[in-house]
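Colleague: Start from chain A and add chain B according to the hints.
So the protein lines, in turn, are chains A and B.
First residue of the first sequence: 11, per our numbering; consecutive thereafter.
First residue of the second sequence: 413, per our numbering; consecutive thereafter.
No incorrect hints appear here.
Some chain B residues near chain A, calculated using beta-carbon distances under 7 Å: (1) Gly-451; (2) Lys-452; (3) Asp-453; (4) Gly-454; (5) Asn-604; (6) Asn-606; (7) Pro-611.
Derived list of chain A stretches under chain B, where covered just means 3 residues or more per stretch with a C-beta under 8 Å from a C-beta of chain B: (8) 78 to 85; (9) 115 to 125; (10) 220 to 233.
The hints are simulated quantities; they were obtained by calculation from the structure and are not laboratory data.
Even for Gly, the Cβ is constructed at its ideal location relative to N, Cα and C.
Now for the letters of each chain:
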Amino acid sequence: MSGIQKNIIKTLLLIALFMLSENMNAQTCCAAGAPIGSYLEIQTGDKRLFSFQFRYEYNNVNRLVENENRIENDPRTRYGQSFLWKLDFSLNKKLAFSAIVPFVHQSRNTISEQQSSFGIGDFSFITQYTHFKGRFRSLNISAGIKFPTGKTNHRADSQILLSPDMQSGTGSFDFIFRSSASKTFSSLPFLTSYASALFRLNGMNNDFGSTSTFVGRQFAFGDEVNSQIGARYLLTLKSGFLTPDIGLKIRWANHNLEQQQAAPNSGGYWLSLPLGVSFAPNEKKSIAFTAELPLYQKLSGLQITTAFRLGFQINYTFQKNKTDDILN
Amino acid sequence: MKNLLFLTILLLFGCNKDDNQAQTDWLIPFDEVLDGGPGKDGIPSVDAPQFDNVSDISFLNDNDLVIGMFHNGVSKAYPHQILDWHEIVNDDLSDISYALTYCPLTGTGIAWDRVIDGSKTSFGVSGKLYNTNLMPYDRATDSYWSQIRLDCVNGTQINKVINTYPIIETTWSTWKAAYPNSEVMNLTTGSNRNYGSYPYGDYRTNHSNIIFPVSNTDDRLPAKERALIVMGDQTKKVYSIELFAEDRAIEDTIDGTTIIVIGSKSKNFIVAYEKGNLTEVVAVTDQLPTIATDTNGNRINLDGTIESGPLQDVQLTTFNSFIGYFFALGAFYEVEIYE
Numbered sequence: 011m012s013g014i015q016k017n018i019i020k021t022l023l024l025i026a027l028f029m030l031s032e033n034m035n036a037q038t039c040c041a042a043g044a045p046i047g048s049y050l051e052i053q054t055g056d057k058r059l060f061s062f063q064f065r066y067e068y069n070n071v072n073r074l075v076e077n078e079n080r081i082e083n084d085p086r087t088r089y090g091q092s093f094l095w096k097l098d099f100s101l102n103k104k105l106a107f108s109a110i111v112p113f114v115h116q117s118r119n120t121i122s123e124q125q126s127s128f129g130i131g132d133f134s135f136i137t138q139y140t141h142f143k144g145r146f147r148s149l150n151i152s153a154g155i156k157f158p159t160g161k162t163n164h165r166a167d168s169q170i171l172l173s174p175d176m177q178s179g180t181g182s183f184d185f186i187f188r189s190s191a192s193k194t195f196s197s198l199p200f201l202t203s204y205a206s207a208l209f210r211l212n213g214m215n216n217d218f219g220s221t222s223t224f225v226g227r228q229f230a231f232g233d234e235v236n237s238q239i240g241a242r243y244l245l246t247l248k249s250g251f252l253t254p255d256i257g258l259k260i261r262w263a264n265h266n267l268e269q270q271q272a273a274p275n276s277g278g279y280w281l282s283l284p285l286g287v288s289f290a291p292n293e294k295k296s297i298a299f300t301a302e303l304p305l306y307q308k309l310s311g312l313q314i315t316t317a318f319r320l321g322f323q324i325n326y327t328f329q330k331n332k333t334d335d336i337l338n
Numbered sequence: 413m414k415n416l417l418f419l420t421i422l423l424l425f426g427c428n429k430d431d432n433q434a435q436t437d438w439l440i441p442f443d444e445v446l447d448g449g450p451g452k453d454g455i456p457s458v459d460a461p462q463f464d465n466v467s468d469i470s471f472l473n474d475n476d477l478v479i480g481m482f483h484n485g486v487s488k489a490y491p492h493q494i495l496d497w498h499e500i501v502n503d504d505l506s507d508i509s510y511a512l513t514y515c516p517l518t519g520t521g522i523a524w525d526r527v528i529d530g531s532k533t534s535f536g537v538s539g540k541l542y543n544t545n546l547m548p549y550d551r552a553t554d555s556y557w558s559q560i561r562l563d564c565v566n567g568t569q570i571n572k573v574i575n576t577y578p579i580i581e582t583t584w585s586t587w588k589a590a591y592p593n594s595e596v597m598n599l600t601t602g603s604n605r606n607y608g609s610y611p612y613g614d615y616r617t618n619h620s621n622i623i624f625p626v627s628n629t630d631d632r633l634p635a636k637e638r639a640l641i642v643m644g645d646q647t648k649k650v651y652s653i654e655l656f657a658e659d660r661a662i663e664d665t666i667d668g669t670t671i672i673v674i675g676s677k678s679k680n681f682i683v684a685y686e687k688g689n690l691t692e693v694v695a696v697t698d699q700l701p702t703i704a705t706d707t708n709g710n711r712i713n714l715d716g717t718i719e720s721g722p723l724q725d726v727q728l729t730t731f732n733s734f735i736g737y738f739f740a741l742g743a744f745y746e747v748e749i750y751e
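Chain A extracted, bound-state conformation:
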């Protein structure tokens, strides 16, 4: 095992220990659905290859918005953390598969209580088909399924079941469809533009909170569409490749469903600015930092929503012969 491998293992071990300690110290509780949308692209190559990715994401949810207007003095503060492990397997240039295992930590504080939860989220399996991938253009389509493996019975200090949005899992089968394309201009060979669109069809949890004496409630998160355009620039350094990235992301989410009815104060439109920078010392390894800032929202009713996101990602490819796409 090389020194870098050891360091990676050490870092992951520390993160895992942190997560375990969070779990032990948590007052019990919350978070719903890990944000896997921006994390789905799979590396492909001429030959079979495995790659492993770990992503940490911090979601600060402290922006109270009614329709288009920001509202001050909300008594709540919320944030979420996601820890995603992703294993990719590329069969050939065309076909690749991915498995994602998330862990989710969420915190909801008011002036009178502090609640947090940590637990395993819903597993996802994704299949990606690369329609073409060349030096200057690429087009992928992918489809996936999210299984209800996540924990949906996080309880508060009082042992009362926390609300669905505070759970690690959704309790439903969800379906994910995605397409992405990129184009590099021959006149600017280090600049790549890209676009992606994702549709997430969310299923219904028909027995959220059910017990032997309570039938539970029906709940579903709203279906959603995410679209993003952006550009990244490949800089060659002595020690590797540095790739800054800037984009524009539009998200639409339908109302959540409670008891088959549209839940008030859910769904809407979000426009945000994703930023990122990644560094790859070689073709096998890369590290990336991301941020996302809200630009505009038009929400249904009053919602507490994302103020900013920060992310950190490590990629490691185990067998690598020749790939075109080092950095996602």
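Modeller: Chain B only, in chain A's frame:
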């Protein structure tokens, strides 16, 4: 790689412990106590309400609902526009202290006495719901209460029944015509909300939209039909607003007590008083604050005072009652429906 696999397995199994413990210290089915989402005090109660005179209020429309309180000749009105966003207002009126509790999901407004066992407390919004109804908590003991059950269901005050004060729920146009000199809660609440908008979409009128499940579904009347429930010790009886399409006074008997239920759909109020020494009562129209008179010429005001007649200045005794959406009343009580 083996280390990673090991850590992943450890996390998978380490995090799936079942922390659901049996609960025996609740008066209501514990599993049916639901987390509404915002958390405790995530919906902020108003603890220092500000008031203006009726003539200074411009943010209300004639059909907007208000809840009125009366005591020692003073009256105050609390607009639904504000209560929809805050659910509880802790206030005082003359020598009484109360929490005006209002649940937008069940349409129930009830004034709770804030003095419990001689100690004054305030109530906050716990963020929990039982039968989709508000569960206030008292800040002195952190006990949880059920608004429609009118008792404490968890905590050191468990089993205690809350004292209530009479209120009147009606439209702004009716209120200002009846009580032009009253005080009205204004929008200086300590929070910044868009009070002109209703936060629950079509919930008030969509009969099939009941956001959280209830333990008993009573569909004898449309779910969101507003009705007065009179709370006898044994008998709970419901009087729908539809009974009062024409202004009307109904004489009825609840657990041996004769009551008069007076209502008007056009003016949007229903009140229930003990009949006492009144004779046959009939509704009167368009003479606010007078809403009824009896055959002896006693003129009865909306707040139950006898304005003139042989019983002048007598205050009728309010029969324990409150208005709510029918589905919610039926979820909590086995109700009779006045036909």
